[in-house]
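Can you make the complete structure from the sequences, with help from the hints?
Spelled out from the first residue to the last, the chains are:
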Amino acid sequence: MRIVLADDSTLFREALAAALAMAGFDVVGQASDADSLRDVVRSTEPDLLIVDVRMPPTHTTEGLDAAVQIRIERPSLAIMILSQFVETRHVLRLLRDAPEGVGYLLKDRVGNLAEFVEAVRRVSGGGSAVDPEVVARLLGRARVRGPLDELTPRETQVLELMAEGRSNAAIGERLGLTEKTIEGHIRVILSKLELGPEAGDHRRVLAVLTWLRAS
Amino acid sequence: MKVHVPRLARLGLLPLGVAFALGAEWVRLDGNWPWIWVLADLLPGLAFLAAGQIAWARRPDNRIGPLLVLTGFAWYVGTYQASADETVGRLAYAFQGYYDGLLAWLVLAYPSGRLRWRSSRLVVGAFLGALVARTTFRLALYHPLASYGDLSDPATALRYVADTSLRNDVDSFFRLAIATIAVVVLVLVLVRFRSETAAGRRITGPILIGGLAVAAGIVAEFGSGLLVGATSADRLAWRYLGEFVTVVTATLVPVGFLVGLIRGRLARGSVAELVVQLGEAPEAPRLREILSRALGDPSLEVAYVVAGTSTYVDAAGRPMLLPATDSLDRAVTRLESDGQPLAALIHDPAIGERPELVTSVAAAARLALENERLQAAVRAQLEDVRASRARIVEAGDAERRRVERDLHDGAQQRLVTLALALQMARAKATTADSSLLGALERASAELDAALGELRELARGLHPAILVEEGLAAAIESLAERTPVPVQLQIAEDRLPAPVEATAYFVVAEALANVVKYARATQVRITVDHRDGVLTVEATDDGMGGADAAKGSGLRGLDDRVAAAGGRFSVTSPPGGGTTLRAEIPCG
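Which chain is which? The protein sequence lines are A and B, in order.
Mind the numbering: the first sequence is residues 1 to 215 in the working numbering, read in order.
Mind the numbering: the second sequence is residues 1 to 587 in the working numbering, read in order.
Derived, one-sided and incomplete: chain B residues facing chain A with beta-carbon distance under 7 Å:
1. HIS408
2. GLN412
3. GLN423
4. SER444
5. ARG455
6. ALA473
7. PRO485
Calculated from the model, a selection of chain B residues having no Cβ within reach of chain A, i.e. all distances over 10 Å:
8. GLN53
9. ALA92
10. PHE95
11. LEU190
12. THR311
13. VAL358
14. SER360
15. SER388
Because the hints were derived from the structure by calculation, they are not lab data.
As the structure is a computational prediction, the values presented were derived from the model and not from experiment.
Beta carbons are placed, not taken as given, at the ideal position from N, Cα and C, and that holds for glycine.
Set out below in structure tokens:
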């Protein structure tokens with residue numbers, strides 16, 4: 001798989017490139033700002049982009065904006081956004097603008113290489129990866145009594161993993177349950193939250209996150 | 001030229017005048033005039049003498065007083081012509097008519113006592129010149145009948161007839177000349193009155209009566225002397241009409257002048273009112289209005305001195321040029337305080353002719369203006385302090401953002417890279433002993449925790465999302481992290497960064513307090529932006545009892561909101577929940 005990295009820190013880029021290469025990925029290009037990122041993408045035709053949200057010159061959301069822009073031109077390109085902090089708004093904006101093949105993780109997650117590589121694979125396969133902290137924060141958010149209180153602890157676990165963008169198979173593997181059991185749990189969860197059955201994992205993620213944010 | 005007449009001499013003129021008047025009317029009574037004519041002749045002169053004394057006493061610097069007195073004396077001169085005493089009669093005949101000249105002078109010089117226009121100086125000069133010339137001729141040409149000797153002598157009779165005829169011709173000439181000058185005076189009076197401002201007319205109204213008196217004099221002159229071909233009965237009728245109008249108007253002139261004086265006194269009443277109004281410390285536009293009313297001058301302007309300079313500005317701070325000191329249209333009264341120029345009143349010159357009114361108004365206004373100036377200075381200082389507080393807060397915010405960015409681009413970035421390196425090391429160490437693997441795992445976990453703490457630290461300094469996405473997103477993010485249900489109602493529009501930062505820190509402190517002390521089950525945050533003011537309100541249902549004077553956090557917020565020019569309040573009755581409210585102007 002061909003990957004392009006964009007981050008203004010050379011040190012970080014080199015370290016991540018080395019780690020990805022070790023995991024069997026092909027890092028075909030690197031960029032240190034949004035403009036050069038566009039050029040690199042054009043010349044290398046990658047399958048996946050890993051981009052830091054903040055980049056020069058203003059160090060606000062250039063990375064995120066550039067990635068979304070590039071995705072509009074190349075809908076098949078998967079993007080993984082890394083950030084020093086996670087904001088629900090950023091996730092929802094991303095999932096809304098580019099629902100398939102999108103990841104949004106805390107930068108710290110590269111420190112768990114196995115998990116990170118798994119998320120990269122998921123995203124490049126058209127799935128989603130939402131940082132657990134975003135999900136945990138939305139789920140753990142204090143709210144007056146509502147449908148979430150109806151969920152069993154197991155269903156809550158499933159909801160959490162589902163919201164992170166994992167497939168039914170992956171959730172089943174993580175919890176030591178069969179995919180069929182997970183499907184059953186998910187049907188119950190969606191009906192308890194009064195959400196319709198959604199086709200595709202990524203749509204499910206957006207629906208669940210939107211529900212969590214609104215409630 | 002200022003003539004100083006001792007007070008005693010001035011007062012002495014009063015009995016002298018009355019004696020002169022009575023003497024004149026005694027001549028009439030002696031000549032068997034009807035008593036009504038005697039009385040009619042007596043009144044106007046006395047009115048002039050009395051009004052003159054009053055005016056003179058009140059305005060020793062103004063020539064109107066002495067002029068009135070002199071006119072009073074002149075009124076009676078003509079009456080002495082009928083005196084049995086030959087010399088007195090002759091002198092009276094020669095000096096008759098000065099009343100008209102002095103009246104013209106009075107009318108044109110009122111109210112300042114000065115002949116301000118060149119035309120009026122010329123006319124009065126011509127009038128008096130003509131009178132002096134006539135006096136000279138009359139003294140030279142008039143010889144008492146007795147001095148001719150025997151009139152039965154044809155030569156003597158002829159000389160007498162020739163003298164009389166010459167005298168009549170010269171008299172007719174002067175009569176025409178004087179009547180012409182009187183017409184010019186009348187025209188000047190009317191022109192002057194038309195050109196007056198409203199303020200001026202209040203004062204110069206009496207000169208219209210004076211003008212009427214002059215006109216009556218003309219009618220009398222023409223009616224008696226110059227009606228060619230008129231019968232003697234006609235002439236007599238004209239003469240009586242002229243006399244009657246003359247007596248009435250001549251009495252009214254000094255009365256009119258007295259009314260002018262009484263108006264001056266009323267104006268002093270308005271000064272008392274002015275002092276009361278000024279005591280209410282009016283703002284600059286209202287001050288101008290009050291002074292304008294007190295002086296009866298709608299065109300009044302107030303020019304303020306810029307402290308420490310000699311520049312004048314209006315109430316709005318726009319530069320003003322004072323009119324030239326010799327300007328006929330505008331007069332300037334300068335106000336000083338401790339020898340320093342304070343302000344200037346620019347007003348109608350007619351008001352300057354009532355100096356004591358302007359002085360009283362200026363004295364009353366000085367206090368208010370001084371007050372206004374001090375207040376302006378205090379306001380300016382307050383504004384300086386407020387601006388510097390706002391700058392300090394903004395500099396603090398900027399510094400926080402800088403530190404946050406430094407943490408992000410520096411320490412955090414390096415730690416993440418380090419975490420990655422640790423992972424690589426661990427991957428390469430799969431074959432090594434388990435204690436090394438364990439150590440690497442622990443190091444990774446420590447690093448994770450450190451990164452988490454650093455992230456929270458950076459967020460607490462200045463959340464990036466506040467700059468990136470605005471107040472609503474930042475508060476939403478705060479609410480997500482708060483372990484108490486938070487209801488949000490927030491306007492999404494972006495506002496200036498200092499306003500957003502202030503509002504954000506109000507909400508952050510409110511939520512932190514709720515978590516720490518309030519034992520609340522719910523918090524409601526509303527952020528409303530209307531009419532240029534951002535209103536932030538955080539209400540919880542907790543135990544209340546928060547005191548802005550004690551908690552350093554709340555006091556800090558109070559300072560912060562005040563620095564932004566806003567208002568901050570805490571309502572927290574024990575057991576009744578807590579409401580923080582901040583109103584921040586949006587610039």
